[in-house]
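Novice: In the order they appear, the protein sequences are chains B and X.
Residue 33 in my numbering sits at position 33 of the first sequence, and the numbers go up by one each step.
Residue 366 in my numbering sits at position 366 of the second sequence, and the numbers go up by one each step.
It should be emphasised that the hints constitute simulated quantities derived from the structure, not laboratory data.
Mixed in with the good hints there might be a few duds.
[Said to hold, decoys possible] Derived CB-CB ranges, DEER-like: (1) X:K125 x B:D164: 52 to 60 Å; (2) B:T222 x X:G431: 30 to 38 Å; (3) X:Q137 x B:T222: 33 to 41 Å.
All C-beta atoms in this analysis are idealised placements derived from N, C-alpha and C, irrespective of residue type, glycine included.
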Amino acid sequence: MNTGFDPSGRAFRWQDETNNLNTAYAVLGCPPYVNPDGSKDQDEIMTWSDPKAFRPQVCTKQFQVAVGDHAPPVYTAELTSIEILWSNLVKAKEVWGTASLIANAIKAHYPPHIDQQHLAFAIPNRLNEDAQDALLRELKNNYREVSLLWRPVAIMLDWLVSGDGRCFCNASNDNTAVWVLDLDSAGTEFTRLTWRNHEKDPNWIAPVRACITENRGNPRYTVLNAAWSEIFGEIPERNQLLHCQTASEVQQSLESDLNKFNIWVSTNNRWKRIPVEKHTPLQNTWQNLPQLLRPLRLNTSPQTDDVILVHGWLACYDPQGIKTILSELYPGTEIRLRKINAVAQGSQMFAERRCNNLPTYYDTLAEYKIWTDDNWKQLVSANQEVEPGNPWRLSDDNIRNAFCINRHRDVFSMLIQRLPCDDPEYDFARRLQAGLFTQLSDEIPLRLEATVEAARGNAKFTVLAADNSRPFVSEDKKEIGSVTLTYAFAPDEEKHNKKTATKPEPKHKGYLEAQPVTGRIYDNPENVELLKLLVQYSNGDKSQTSALQNAIKRYRIDSTPATLSKTFPFGALDRWGWKANPHQPTRGLFGTRVLPDRKASELTETIANHLWNNGNIPGQQSARNLWSKLNNYCHEHASQAYKTHIRTLLSRQQPFPSWAEANASGYVLGDQPQDLELLVDYCVKSKFGDTQQAKMFWWSFFRMLCWHTEIVVDPDSVISYLQALIRYLPEADLTDSFNVPRKNALFSILFALHVREKKEYKGFLLTNEDSHLRTQLLTLIEFNGILSNVKFPKTMLANMNQLTGNFSDFVARFIKKEDTVEDRELGSSIGTMQ
Amino acid sequence: MSWAFTEYPWQVILSPARGVTPDRGVRPDNGAGIWICDASEEEVAHLAVGLTPTRLSDSSVWFELPGPSFRADGPQDLTLRLPMQEATTILPYKDAQSTSYEEWPGKFHSMLTNNLQELADNLYKKRAELYDLFLEQPLTQQIKNFFSSQDEDFASRALICDLAEDLPGSIQELVERPRRLLQRKHAQVRLDRLQEIDLTSLIDYARRPGHTAAIKAGDRQQLMAVIREETADTLENRVVHDFCRRARTAAMAYVAEECARCKKCTGELLRNNDETVCSRRVRRVDAFARRCEQFLSSPTLTSVTPLAIPCRMPNYALQQNVRYVRVWVAYQKLLHQEDIRDQSWRWKRRTWTDHVRACMMEVMRALTLDEQPPAFHASNKPIRIRKEPLDGCWFKAEPFDGPLVFEKDGNFISLYLFNREDVGIAFRSLGLSPDLMNADLYWVVVSTEWEETRIIPVWTLVGDRRWQDPETAKKLRIECLDGIEQAGLEWYRQTKDAEGTESANIPKLLLIRAAESVNEVHRGRASLFELPPDKQQDIMQFFQRRMESVLKELMS
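For reference, chain B alone in the conformation it holds in the complex (with noise of 0.2 Å):
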């Protein structure tokens, strides 16, 4: 048997196909036992089926709370009333404990049974994706065939297949819409609905709802406790019938024919009985409803012609008084009042014509993108139409395979926004991540299968590697091909020990993460030969000579053979990448990760050692120059005694002997945390160091934060660099055919920011007591300042194609907190630039 449930107003109601309405009122349950030392008897649930069973103990604060000072002594607590818990799921408080309370309270009045068929739930507007799918898992658990279904939409079908309904759509025209109050939600909701025509059966007038993602309604207890007033307002201890075991009575009586009708409440201890006359009209309740509906936020009201449907028991009790205060409110529109029964009985038709296969109504997909390359492309438009139970699924090909695994990642994400977003500060776009069983070495291309359905729950994105390789790992650590990520209400960051797991992003961030860089000898095994080779030639065994040759030919595909026979042979360890192919990273034989391979460790030590002990030859400064060049090639692997070196010529606070080792300390320190403290130490007591070099430490500042995840930085330290900056660069060599030193200057502010990255430093040039500082900073980078209007570096290309404004403006925004995602995007491979 098909049948349709309304469960979440202060009644429990559930039509089936022979019409009979049943009911259970205010449906109260008892929670289990809870032993003296707290631990629970595992034969006990809630008991639902008695609105009478209650104890004591089970008082709580909440529940003080929410009746006053004249809650009798034998109550429930918070929990145990059906109407809060649905309060409560659609406010998204502990949703699987919750969807499990109101599946055991519906189970209890109506017991799973081999005649029922096709059961359909009617849920309010406002219950999240999360809150649908745990719902609906949990009814599934005890029934078979279970649908979610919109209230308003209920509402509607139910109008529809009367008489009235019908007549009034096929008069009106396309610009007339049908507007559902539901006052029984789980907070007054007031829905804007079309209609149109089905296309697989024009007669059928099918209802169509837009998406609502915004977390809008009010709470339920406004208009319920204003009408309470109104009803019981003699009566001090009104607040006890709400929830109280005599709560379901009390509902019954007041949605029944009588007039007249005896309450039970309790002070002290002290039972009485009370006589209620039924016929107050809800003045006041009424009078407040434009402030009631206020928080709904509506872009539209309704307009002339427009129908509104009411429904809720409220409106049935005081009928007249609803007709007024909307006739006043949204006047020339019709206003029907919706029976009792119309969720339940909408439910029910919706549950049989979907049992039948036959059209019900269009639901309308909240709007995706995805971020692809460089820009975010449309995943789902913002008007896709779908029917309920047929999920949208993606298509586009270019979107299907434009992803792939780049090499060396231990983790693949992929942007993803819903919009409208409701709190773009915190969770514009989402980063879904998967976990990679290992590091790969080879780019693996993937596909991308999505899908969305309406009123069941989350946007699920299946990818799947393309080459039937098994990159990702499941939760039993193993390898496997294909991962699901899902687009969750609520992000699951906070489980690090998932393989999967979903991160908001904000809109704006004010910062760039670090990009840690791995070497090209972890790319192939020929690298790695080319690095035995090379050490074989600095042991000064020269047979392999040729064959180094062929191999550094084969490795550096961006150079001319002139250019490496100026360098040749430990100019192979030099960075290269974006001159050969604006998509290729820039990276060197080394990079600032470390990676486990016994035989490519052993190597490049050796190689670090032989470069440290050799070429150093005192009073040559071009030499020195080439010396420390070749040392700071090593990046991570350059050896102990050389950053030892380095962090001497810091600490000593003099001009450094040579170019090189001024670049050296953003190129190989970094892996101890206090290295940045050195530095800066460095750069504001000896103002820069030389002129000529003062560029190179900028440079070493950026690079430092840029490349390494282990620095602590301390914000002050920060504020004294960026203080140092603003008053070195007015008396500053900047004059660079390729604007080399601005640039640098721009970045080290750039990746001063990254103090944000801690929380309790987020508003780092934000807050007034930085505003000094931060107007000094604009100043120079804005309008006409010293490093106003700085190209982008060409190397920004490999994530951009089309570069609009400059790099000046992109660190402006960066500072003012102003960053976009593409922003982001773009400065996501600074870490391989030059």
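Given chain B's structure and the hints, the job is docking chain X onto it.
Specialist: For chain X alone, coordinates are given in the frame of chain B:
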């Protein structure tokens, strides 16, 4: 911090610290305990293993002491780590004047345990039948079913009755066709039948004099060899044997206990199988005892080695063989039953309290005021009962319905039945702490026209060996009644002196004792009712009448 031993539960209100009284021994049947005041939770946490504290107020805790076990291997003493005492205090049970299990109170105890088990089984059997582990049943309905289920059979329901119904057929089948296995053993075998020899046989062969097999075989022409012999001496059959032995003992004890209560028949008549004189239930159990005797003397079970200790780990056959599974399940129940009985025996006052609770709920269920039923029943609760007792308690906390609200000339009278924990919660906001009296149950009446709260504290008592002497019992009754009246007065005085409290009145104090026969003694405001743990109609009627008159007086 102070502490004191209390001999009776009501003594906590008369509570000045008295120090250790080792010479008096422990009389747990009376509800003896240790009262500790102003002690932190950590200090009392290690008082003794397995003792659960009863918090009477924010600053005082009371521990009721368990009695001795009826098992030979049960605890012989109680070790306490008292606050402010460096050494542990050992209270030997041999000094306690606890009653012997073999005497009448022991038999009475079986009936008490059987009754409560029957009450619990109503719920748990229903759950098993409907395959619904979380099935709830209304408390009022359960109590009604329990007290109206006496039928014509006076004998109480017990596990052995169920076993007597279900098991004989299964055991008969097992005894007739037991599971057998082929056992390898060594024996002297004639040369012409010799088939297999092993190392042992070879050693025996070598030790024999002579050079040829014929000579070594001797006059009888026999040599040691391996033979295979079918045997029923398996673990599963040993379990069947042990089950029959235990079931026979339990059945005979049940028959003896129930026949002793029956006014019509004696054990001898029963042995003659005279159907006119004994209950059907007892007859069936007696027949089962005799069947067990027959089984035990059958060739199958006589060939089985008896188990020295009960089998706790089943083998594959006991778990999976459909013929043995039923016996194994029944065997486990039977073993577990002994644990339950022992636990109830150690905490017999708590077990008795649970029975009194059930009786009081039955009184409330049928209560009227001026022949008018309650105008309002504020709550109906599901029954909260354990499958087996936890520290002697079958009912979980607060198993009461109510309150019942009676209307009398526009006055609404609310009648509550509370236990110790809940009465504290319910009246704390009014500044009253009836829980300080440490009574087991409380009738509380409040009205919209009276300002005072009327409370009747109810203590329960089983009584130790001294109560079996009629003359001593007379003195003890007076002593107890004086004690509870004094406790009530003390509490009233404390409440009256306290500021900001609602006025309270204690019109009556009740003590309900488990006894062989129905009796009542009154002294001042205190009353003692004695009744057997039997749900027979005449006993319940007596209790119901007395309680009704007490409650009507309370509500008038």
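Novice: Hint compliance check: list the failing hint numbers for this structure, sorted ascending.
Specialist: Per hint list: zero violations.
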